[in-house]
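Join these two chains into a complex; the hints should help.
If you read the protein sequences in the order shown, they are chains U and W.
Taking UniProt numbering, I'd label the letters of the first sequence as residues 1 to 359.
Taking UniProt numbering, I'd label the letters of the second sequence as residues 1 to 272.
No lab work stands behind these hints, which were simulated from the structure alone.
This structure is a prediction, so every number in the text was calculated from the model and none was measured.
Watch out, some of these pointers could steer you wrong.
As the list claims (entries may be wrong) - Heads up, incomplete: computed chain W residues facing chain U, CB under 10 angstroms, no partners named:
#  : residue
1  : A59
2  : D60
3  : Y149
4  : S156
5  : A160
6  : E167
7  : G173
8  : S175
9  : R176
10 : Q178
11 : A179
12 : P186
13 : A187
14 : L189
Even for Gly, the Cβ is constructed at its ideal location relative to N, Cα and C.
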Amino acid sequence: MSETSAVRLDGITKSFGSSVAVDDVTLDIRPGEFFAMLGPSGCGKTTSLRMIAGFADPDSGSVLLGGEDVTYLPPNKRNVNTVFQSYAVFEHLSVADNVAFGLKRRGVPRDERRERVGRMLDLVQLTGMANRRPRTLSGGQRQRVALARALVNRPKVLLLDEPLAALDLKLRRQMQVELKQIQREVGVTFVFVTHDQDEALTMSDRLAVMNGGRVAQVGTPEDVYERPADAFVAGFIGTSNVMTGTYADGRLTLPGGVSLPVPSRLGLAAGSRVGAAVRPEKIWLSDFEDGMVQIRGTLRETVYSGATTTYLVEIAPGVQLSVLEQNIDRSRREERWTGGEIIDLAWKPEHCLLLCETA
Amino acid sequence: MRRAFSRRRKPWFAIAVTVAFFGMLYLPIVVVALFSLNSQKSLTVFKGFSLRWYRAFFADHDLIGSLGFSLRISAVAMIGSIVLGVALALGIVRSRGKLGSAAGLVLLIPLITPEIVTGVASAMLFKGVGLPLSSGTVMLAEVTFSISYVTVILRSRVAALNPEVEEAAMDLGCSRFQAVRLVTLPALLPAILASAILIFAMVFDDFVLAYFTTGVTPQPLPVRIYSAIRFGVQPTINAVGTLMLIGSIALIGLALLVPRLFGRRESLSQLL
Ligand SMILES: Nc1ncnc2c1ncn2[C@@H]1O[C@H](COP(=O)(O)OP(=O)(O)O)[C@@H](O)[C@H]1O
Ligand SMILES: [Mg+2]
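Okay, chain W solo, but in the shape it has when bound (with noise of 0.2 angstroms):
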């Protein structure tokens, strides 16, 4: 009896680190969502409702040119990074010799190298070869730096694929090159876009590479919103917050739906 009373008793402690997990997680992004609301520009007191942080943010060239350009900088990542990152799959998985399992490997170091060692390495080298930091650099490294998230993701399906079906591409009048455009492309195709959605989402709210190669002027968004907080929080960047919180949320949320628009059973969590 009394160890079936005990046993049905809640296990309180495990609840409460819980709970304070997710509310450490979760308060911080709440209140600034919520204070992007603020008809006040107080950050601690609540007055009422109101739209004019956003009005504010949009009368803003100067963070309406920093979102421009971090949008320019998460294409130009998407599309650099989805290219090479796919033929990179394609390439290790294909070659069966050393080289492709050794580029396997080499491949997996930027993914547990910590950003920031990543970041002035980066800065390091384009100063060391003379290359002045501007918006082709940043792009550059965030290109490079998103090249093993999409081969990683890629390179399980590559290995996936029926080799006959490319052959059977060539059987019918491809030729090497043709059979990939035609067969495997497109059989890759849902999760090449789910893994181009990532990685924009990844690039475009990417501070710490951003902040070491990115030039003087524009700044990439993030980077900008750094800048204004260090001369104090001013409502508005609760707003751009808020606002980089929902596209983020919106495109994960459509990496993860790719897959099944194309009635495929794999999900992105198979895929990672």
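Bound conformation, chain U alone (with noise of 0.2 angstroms):
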């Protein structure tokens, strides 16, 4: 990759006294693209961010912007605007003028601020709005207003810190829909921090899944979801199952003495305890193919959600895997199992991971 990053994170770390709220984290963020920091509360998220922004300065490691060291730089001489998880509206300016603040700051003719104001206040859907107070404004409201102040600056860069957190579930999927265009269509890098996996997923163009103050993968969404690094992520991302076992010589064994294939890793010892992930979905019940892993259970609870029907079948003692078929053919469930069959199941040996155990 020849192009310079938009953001560069170069080892930064951040202590709060003795606890290391983010950890030798290096991230490169390419222009143009929507990136996603995701994680668990309290990974370090908003620290990263703020240290993009110039709210806070790194104990040690670099910040680069579009090539340049701002590590030292403050907020005002950093060419990045942020979307605020409170979104931090000016209470007692009304909606254009809160809008308008950065042009003015920079010193834009009256004339250019108006009209980029009112071509903002478009984009975001609150045209006719331009008066109001935020006091008057609903939640989703508020956000336009933030997104719009922070976007009217063409920053290099749009810092967004769960800024769909505080929405309810529709208005949330609306935005998401909404930002992803207004993210296309502005062109401007977004760094999107969200503790929402699903929401992580169908938004970005990439993201990092964060652990603990360090970066558990970077990847596109199908990286992540498909090949998941380690088991935080696997376990993060999506649901999986997840079996814990002793390895020895591509096979796993689990407890009760139920042994599977597991794709073979060099060096790793004979004897050691490791986890082999399956996602539900990848597991099948029916019409087998030639090469499948297959492996024989007892049904303990079959969990019917309209779409889909989960099965939780138990394949070794106090090991249950959850299994998801999709009900394209409505009778299928009915001629189905109620519970305590013995049925096979089956993986293709790709989908199962083994997982190197995080400590």
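Encoded structure:
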């Protein structure tokens, strides 16, 4: 990749007292991409974002924007803007004055200011609300004000800290689509922080999965979903069946002596305890093909949820797999099992991942 | 039946105490206001309504001079204590260290110190550093002892501010100082105005501190009134007292109204 990164974090570390919030994070974010930072609460997403924006100084490492080292520049000297988690709308200013705030600071002439604010309000669908006070707006509208206020400055990079977390589910879905459209339209690099894996997978071009201040994996949504780097990513993104057992010669032995073929890994000592993960939707219940890993289990539970049915199958003492089937043929469930039956399952070998155990 | 009956009896004792309390509190004020309208010089017999004591007050250059002086002291104390008190509130809330919380505690001392102690101490301090008592010393003292009120009122408002709002201003191109000026102070404006009015009213009718720290001439109005009644009460003083009362009530009313003018829910009682 010869292109300079829009944002480059180079080994940044930040501690508060004795606790390390961000631990040696290195990331390259490409110009124009929609980049998500995904991880559970407290994993250091906000702290990373604050170091890009300039609200926090890293203890070590550097922050580069478009190739330029900005590690110790104050926020007002960086060509990035932020959409804050609380929106941080200026209550004493009208919607239009909120949006015009940054342009005014930069000395953009009045006419140009008015025109750009007008166009931005159209873009975020706040046309006609220019003179409203923030107090009179709904949560979704305040969120749009915060977005317009940041985007109108045409930053190189827009930082968004869980911008949709406070919205109700329906509005959140709608804003996910809209945000993505807006990003394509303006072509600005978005760095989008979220703890919602669905949101990260559906919206981002690439994402970083964070855990305990470290980056666990960087890749496209498909990369992290299909090829999770470790047990944490496999468990955090979507649902995975993780089976833990003893590894030897390409086979995993589960409690009770059940043995499964798993991808072999060089350098893994026989007798190591490892995990193997299979996604519920990758497990088949019928029409098996040649070369599949086949195993027998006892059906423990059937959970019908409209479009899909989830079966819980016990394949070894204390090891249950959940299996997801689409209800393509409605009658299928009725002729299927109710519980207690012995059934066969199978998956393609490449859908079973050997996870390096994280401490 | 008996119990139900006895429960319905009026609590005569409680009513009597309440009436006596409010009587002692407000009767003297009512009497002053009433006799300021007396057409005769008598302070015991009301003869009829007239505005002659108000006319006498406005014709008295001495008293008018004191009124002007008191207004000037109040204005200086208001502006000085707002500037310093708001800055102090911001500093105390923002500095998370020991210094900030220590300053927050020290701040409460002037609020609980008897004013007579404050007054005597101030007078001795001015004497000690060789500063002759004058209009300057009384203003200095009033500014100093008003800061605590402003800071105590503002501190909780500052603490309640969303820190991301100031950061948003910096994100949009402000320096730290510009962010405070353009975003933080406007957010605090209702509380600032309310405490400004409060300080003005408090300083205007302050007697004790003014008495110990003012020079010989001009005298602040409350001190002037005190010296006047030592030589017998003139009905003019009733007129002055009534005017001061009306002024104070108007200011307190204004202070209560300010937050509402900004369309905010919080009232002064919540601010305090
Ligand atoms: N200003 C701060 N002072 C002390 N600890 C902090 C501060 N900011 C964040 N932390 C700690 O750093 C860790 C990471 O926080 P944060 O970056 O906000 O996580 P996230 O945004 O992923 O939820 C947390 O353990 C949090 O308690
Ligand atoms: Mg956060």
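Going through the earlier hints one by one, which of them does the structure break, listed in rising order?
-> Failing hints, ascending: 1, 2, 3, 4 and 5.
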